[in-house]
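There are 2 protein chains.
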Amino acid sequence: MNVAILGYGTVGSAVCEALIQNKELIKARCGKELKPVVALAITPKPNALVPVVQDIEEIIKREDIDIFVELMGGVNKPFAIISKLLKQGKAVVSANKAMLAYHRYELEEFAKNAFFGYEASVAGGIPIIKILKEGLSANQILGIEGILNGTSNFILSSMNEKNCSFDEALKQAQNLGYAEADPSFDIKGIDAAHKLLILASLAYGLRHKPEDILIQGIHEISSEDMYFAREFDFTIKLLGIARAQNGKVELRVHPAMLDKNRLLAKVNGVMNAINIKGDMLEDSLYYGAGAGGKATASAVISDLMDCARARSKTSMLGFERQIPYTLVSQDEIYTKYYLRLKVEDKIGVLSKITQLMSENQISIDSFLQKPKSKVDHSTLFFTTHHTYEKSIQTLLNTLEKQDFIKAKPFMMRIQS
Amino acid sequence: MNVAILGYGTVGSAVCEALIQNKELIKARCGKELKPVVALAITPKPNALVPVVQDIEEIIKREDIDIFVELMGGVNKPFAIISKLLKQGKAVVSANKAMLAYHRYELEEFAKNAFFGYEASVAGGIPIIKILKEGLSANQILGIEGILNGTSNFILSSMNEKNCSFDEALKQAQNLGYAEADPSFDIKGIDAAHKLLILASLAYGLRHKPEDILIQGIHEISSEDMYFAREFDFTIKLLGIARAQNGKVELRVHPAMLDKNRLLAKVNGVMNAINIKGDMLEDSLYYGAGAGGKATASAVISDLMDCARARSKTSMLGFERQIPYTLVSQDEIYTKYYLRLKVEDKIGVLSKITQLMSENQISIDSFLQKPKSKVDHSTLFFTTHHTYEKSIQTLLNTLEKQDFIKAKPFMMRIQS
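As they're listed, the protein sequences go chains A and B. Residues in the first sequence are numbered consecutively from 0, following numbering that gives the first Met the number 0. Residues in the second sequence are numbered consecutively from 0, following numbering that gives the first Met the number 0.
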């Protein structure tokens, strides 16, 4: 299937790159090759991975394009283009949340006879559209609480962790490329509101526009508010909130004090997370990158693959054919380890143990000897640097045979 | 579409109940009514919501059943039944992870011409099958780390939080119904291994069986290990782990020391969580209930709806028709609030503020006065009990007009 990329910026180039780099995997999973054949860009892109043209008409009139990926931004122009394509029965994938916040129900009409995917429009690194539309489809959605804007979350995290002012945190975000020169859409809650409205359609079928809901930004939050939050065990987060009761739904975007012990409160930096409460499964939470070229491209391509699969038959386990993975043998597992040893309390024991470790190429990362209790042996705790499972197993077998070992040595792996 | 429930226990009855209770919602979302028409149970169920029979042949031979839900447990018997049904082209949904751990590739063959759903087989409250199969399908899966067994996680959480022994924690889990009389499958890591193998098929197409992978249970973990973990900032979790590099995959189930600051380490009690690292979206994490009648039923019904949708056309936003939700007006929002006020430092100010609050039916939850700095006003912080947005807005408007207020009052909502 031939893919046209309308907009060759960070996301567009990441889509092309991944389609090329993960070509075999994608083909193995969905049974079709997805080939980027042309891209649209206003300025020339000398290093582009596909031919780049500057006139959109040149792409739209081509008969050999199977799917169009819209990454242009804006509202009215992309809406006009996508509407036209869908009416012609062409498949379209878009990451454009602003356009969806205003035109999603018109697009739904046009998409009745054509594929339209928009997984990338909310939290690129979390397949939240599919989760709400399909995974949780049996549930009455009682509530949604989402950290939907990475820029705001980065600023709030910085203010909290580094005790800096809003302006300092914003400047830092801009320096790191997390905030744009004009950060209004992010810090004033507009971007989060666009995303909340898309989720609200999936959960409740609400057709409202950004003007209809409560939106408060984070730009008025001061260090003093941060001070208070800390004193009272809160964390401040910009949340998109939906809450349903008796057929009525609250929709709002605003900074909120959140119990610092909630999982959602522990989501820091540019990450996104969405907590959904359903009548059947109670709380579930989804956490991942909110933006960035690769994460957004991941969502765009999952839509392309959905489109491809709809035209073929999806295999039950997601692969149309076997790909060349093999299982690592247990001996080859390579990780850090934790050991607990009960030993006789006598001279030379620690020296012997460390010698055995060294003989097995095992290097100690930390060591703790617990004060001896009334019973007649000591407990030693070790953690190791990375080593092979085979080495640890050999060490354990050797240790067990030593007369100073008073109980079967115990080992656990450390997940780093 | 008529649904037969093979196995009317906790999950089976929850499926029936939800199909009846959320009938309209389900129909609105997938365009079909899903009607439970018969259930299988060994013993009579006098309060069952559907007719219950004891002979499976009586159900299987019926011509009016569109989907069969297998909730019997076991391996060989359900495999034989499901194989037969799929070969006849009948749609089947199953929650049976043990059967899938052994027979998933045979089932995939049989399911080439019939629908087979198994979302409920891993972490009922997290649509992880769909996430891996479709949402993250563009990614090379670099790693999976999953808390896949609620019983073990409950025991480890208890040992950590209450400083109790493994035996005490297990007994408590049994008393609360979180562990079975024979808890071997859960505490020895077998159940987690079954689930990991299913995920490994989705991520890598690996056909291995439980015998092929490393499995260590939690039954040997002592209070001393917990002591160590705390001293060294670890949390102990039973993890199902997959790690891929250069086409090779590690698969293992074992208790692991995990940096206590990782999100995964903060997942306590019977909850499940799965961290997935993809080459494109880096880390994402999915958190939800692992088991329980309703959460598992939620997954079963999402499969039933997928089946129903495959026979109709899914609307872009997940609803075939509008359902009667309306938007709550902003005035009606009902939550707790946080206020920051800059006031002149003089007698009677606090009294006046609290009087205004009281006049607006706003009740104070907490109050903090920050020591006065060099500048000539004090800062007051309030949190309120639940109240209406309209009341707070009225209060703010009134406060702004007071001469003792030295800066625009600031308000945030508290998410409780």
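No wet-lab data here; the hints were simulated from the structure. Here the structure is a predicted model, which is why all the values come from computation and not from measurement. Treat the hints with caution; some may be incorrect.
It does not matter which identical chain is used: a pair holds within one copy or between any two.
In silico lysine-lysine, DSS-like type, Cα no more than 27 Å apart, as pairs [stated by the list, open to error]:
#	residue 1	residue 2
1	Lys247	Lys389
2	Lys407	Lys335
3	Lys345	Lys86
4	Lys335	Lys208
5	Lys335	Lys247
6	Lys31	Lys111
7	Lys276	Lys31
A quick look at each hint next to the structure:
no., hint, in the structure
1, Lys247 - Lys389, "between (60 Å within a copy, 17 Å between copies)"
2, Lys407 - Lys335, "within (20 Å within a copy, 55 Å between copies)"
3, Lys345 - Lys86, "neither (84 Å within a copy, 69 Å between copies)"
4, Lys335 - Lys208, "between (52 Å within a copy, 26 Å between copies)"
5, Lys335 - Lys247, "between (52 Å within a copy, 19 Å between copies)"
6, Lys31 - Lys111, "both (23 Å within a copy, 17 Å between copies)"
7, Lys276 - Lys31, "between (36 Å within a copy, 24 Å between copies)"
Violated hints amount to a single one, hint 3; each of the other numbered hints is respected by the structure.
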